[in-house]
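For reference, the chains in residue letters:
There are 2 protein chains.
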Amino acid sequence: MSHRDASAGVPSSSSAGGGRVRQRRRSSEVPQEVNKANGGGAHLLIDDKSKYKSMWTRIRSSVWMIGGFAFIIYMGHLYIWAMIVVIQIFMAMELFNLGRRAHEDRHLPGFRLLNWHFFFTVMLYVYGRFLSRQLVNTVTSDKFLYQLVSGLIKYQMFICYFLYIAGIVCFILTLKKRMYKYQFGRFAWTHMILFVVFAQSSFTVGNIFEGIFWFLLPASLIVINDIAAYFFGFFFGRTPLIKLSPKKTWEGFIGASVTTIISAFVLANVMGRFQWLTCPRKDLSTGWLYCDPGPMFKPKYYSLEGWLPDWFPWNEVSVLPVQKHALALGLFASSIAPFGGFFASGFKRAFKIKDFGDSIPGHGGITDRMDCQMVMAVFSYIYYQSFIATQSTSVEMILDQILNNLTIEEQISLYQQLGKFFQERQLA
Amino acid sequence: MSHRDASAGVPSSSSAGGGRVRQRRRSSEVPQEVNKANGGGAHLLIDDKSKYKSMWTRIRSSVWMIGGFAFIIYMGHLYIWAMIVVIQIFMAMELFNLGRRAHEDRHLPGFRLLNWHFFFTVMLYVYGRFLSRQLVNTVTSDKFLYQLVSGLIKYQMFICYFLYIAGIVCFILTLKKRMYKYQFGRFAWTHMILFVVFAQSSFTVGNIFEGIFWFLLPASLIVINDIAAYFFGFFFGRTPLIKLSPKKTWEGFIGASVTTIISAFVLANVMGRFQWLTCPRKDLSTGWLYCDPGPMFKPKYYSLEGWLPDWFPWNEVSVLPVQKHALALGLFASSIAPFGGFFASGFKRAFKIKDFGDSIPGHGGITDRMDCQMVMAVFSYIYYQSFIATQSTSVEMILDQILNNLTIEEQISLYQQLGKFFQERQLA
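Order-wise, the sequence lines are chains A and B. The opening position of the first sequence corresponds to residue 1 in the UniProt record's numbering, with each subsequent residue numbered one higher. The opening position of the second sequence corresponds to residue 1 in the UniProt record's numbering, with each subsequent residue numbered one higher.
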């Protein structure tokens, strides 16, 4: 506010980036008739119309996206995973195309193919590791298939390594004189893309199988934060937040933070009551999910008597312990995750591109929508593993490992060794 | 050979890169007096002298390096690890300095610091994960220290993530107008360096603790291959191998391959007999190492009777099963690992630099010596994990996990659950 007051008496055209924003923001609060009355009004009016129009385009796209997303959540873990793979492929497509030079590419026919070779090699590696446990759980019934799958799992790392090395050898053998620099640049770019795209998605997939909750809540919080920031900025935005993204304002940022943290608390209470969302999935089936909800999801009741008037219908609230963690997720989603967006903005400005792509009307490319989601997915996974995956899960995890990765003979040998160990210490 | 014969009758000055090599190589086989006799001899002679001089510089450095290396191997696992950390820091120093622009850097005071912040964050992450098991084994005696260490281990991922995110936030907040592109370029470069430097070194450290053998043999093979390629190329080199590195010849490549594969077979037999080299190290102590050598290192005796004359002193050979695997390592070290060198050559040509640094006289920077080592370290680790780490190690691994990561109560609970499982299946 003080920022605005200070410049109120001074012609604002002289100030740099920040001033432009302030003017644009202000135009939305001043009634349009007033705007028309003074000189430059016509221009501002047009700006305003296009602003509303672009808002509607964006809302329409958003509704479609959210609807489709809800449907996929309803379908289950495998479908969510498939969605993530599709998003990854789109992102990689958008990003591989950035900074390509048509002239150089004409002389390098196999170069795009090589990008996708690396892409699918990394995919095989990341998801292969992840599949190993789930897949073994799924196909143990068929002896031959089991052998095949566990063989593939055993040598999966080796296979991926060889595919990768084959890619590198191809890259070196197809180096063309006078294009070294371009080729090495593209090579580095490919690796950056793969790192960004797969680091986040492997964490996301990890979250899904720990329980859809741990994927859905963080993803929703980012969407809520985005939408809230947009509307708070649209209606109240005045003070520019950061030079990198001139459209972002402090009002949008703070309004969105409050909204997101409250939403996190409320949403966790709602989502935490569906077993479909809270149960971990230990195989690749898509059937109904039943589990004993962990202590995180068992409601605790607090009486409200004495706090509220007697005629009020509710006299107690039920709180899930997980809501405490939801607050942490909400705080991160609204304070740190936006830096993913700033990073993307800075990147786009550095390389003078408007959007990473044009797949979604009003939103730009898929990559433009994913910037904060990526930061958030990694955070939620690490948060889950550090603070929520309890020691008791760890017993289960090891038991899982024993039952899935060892032969019966090895299991018995392990059991006996453990027994001997306890006997020595006279424990059991 | 045919390549050379074909161009013998034609004035070779017209041909491109390859011709230059052929001429240079040829000068070493022609006696110098003959060279003096004809016109352009003087120039070739000077070239030759400097060639010999640079060879001697290189040999001196190599002897020093190999001696120091042997001493460190003798000192043990922790010292090898320390050596790797020092090499990493030198490599990072060399690589961080590449492509810096003094003018831009003057306006970005904290930027170098940020590089090192990322470097040590990744180091904490990579080695922290690795330390976890070893450290817990080492300090279990002191209750408080144990608690502290296991706490640090539990939250290690979270701490690293936060340090990393803090780095990203700093990066974004210190973005300066008109330097975006330079800053993002440097940011990407930092990440590429960290990826290359740490991917390889985490594999190397992994190798060391599986047994120094799995680090020493591959590293020696690369050195042998390098030296052999140098000498075979020096004395017999004629046919250029690849345009990227004009000094490399097919003769050097093939001679080195044969030498390396034979050396691998012989060295594995020698190294495989020292328990200091073959035993895995499960904690961070540096004391004497004793273990039951696995089946890989138990010699098998083959009689040579009938194959050799009677007066020959040896009538049987002892072969270690591990020598079979050594052949595979030798094959890789001589056929695929050199591509690490080609990659580095290509990179240097693309960005018009001679060497990555000048730390070692006659060899260039440390990075210049590490190119093939990196490829090899990753390969040996993956090879070891895929083909040598047997299922029986896996029982030990899980036992390790149980005894180190679970509390006594959890261990007993696990034991009982396992027992119940066996009872149900009537197995034990």
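I should point out that these hints are in silico values taken from the structure, not numbers from a laboratory. Be a bit skeptical, because a hint or two may be false.
Where chains are identical, the list cannot tell them apart; a pair therefore holds if satisfied intra-copy or between any two copies.
Straight-line C-alpha distance at most 25 Å; calculated SDA-like pairs for lysine to any residue [stated by the list, open to error]:
1) 154 - 294
2) 177 - 403
3) 53 - 159
4) 352 - 305
5) 298 - 173
6) 181 - 203
7) 53 - 413
8) 181 - 348
9) 324 - 160
10) 177 - 422
11) 420 - 113
12) 243 - 114
13) 53 - 296
Hints and how they fare:
Taking the shortest alpha-carbon separations for residue 154 and residue 294, only the inter-copy value of 20 Å comes in at or below 25 Å, while the best intra-copy value is 33 Å. For the homomeric pair residue 177 and residue 403, neither the shortest alpha-carbon distance inside one copy (55 Å) nor that between copies (57 Å) is at most 25 Å. Proximity of residue 53 to residue 159 under the C-alpha cut-off of 25 Å is found in neither arrangement, the shortest distances being 52 Å within a copy and 45 Å between copies. Proximity of residue 352 and residue 305 under a CA criterion of 25 Å is satisfied in neither setting, with 60 Å inside one chain copy and 77 Å between copies.
Proximity of residue 298 and residue 173 under a CA criterion of 25 Å is satisfied in neither setting, with 60 Å inside one chain copy and 42 Å between copies. Proximity of residue 181 to residue 203 under the C-alpha cut-off of 25 Å is found in neither arrangement, the shortest distances being 33 Å within a copy and 29 Å between copies. Neither within a single protomer nor between protomers do residue 53 and residue 413 lie at most 25 Å apart by alpha-carbon distance, with minima of 70 Å and 63 Å respectively. For the identical chains of this complex, residue 181 and residue 348 are neighbours both inside a copy (22 Å) and across copies (10 Å), given an alpha-carbon limit of 25 Å.
Within a single copy, residue 324 and residue 160 get their C-alpha atoms only as close as 41 Å, which misses the 25 Å cut-off; across copies the closest is 23 Å, which meets it. In this assembly of identical chains, the alpha carbons of residue 177 and residue 422 never lie at most 25 Å apart, being 67 Å within a copy and 65 Å across copies at closest. In this assembly of identical chains, residue 420 and residue 113 lie within 25 Å of each other by CA distance neither inside one copy nor across copies; the values are 56 Å within and 53 Å between. Only between protomers do residue 243 and residue 114 lie at most 25 Å apart by alpha-carbon distance; the minimum there is 21 Å, versus 38 Å within a single protomer.
For a Cα distance limit of 25 Å, the shortest separation of residue 53 from residue 296 qualifies neither inside one copy, at 44 Å, nor across copies, at 72 Å.
Going down the numbered hints, you'll see the structure goes against 2, 3, 4, 5, 6, 7, 10, 11 and 13, while the others check out.
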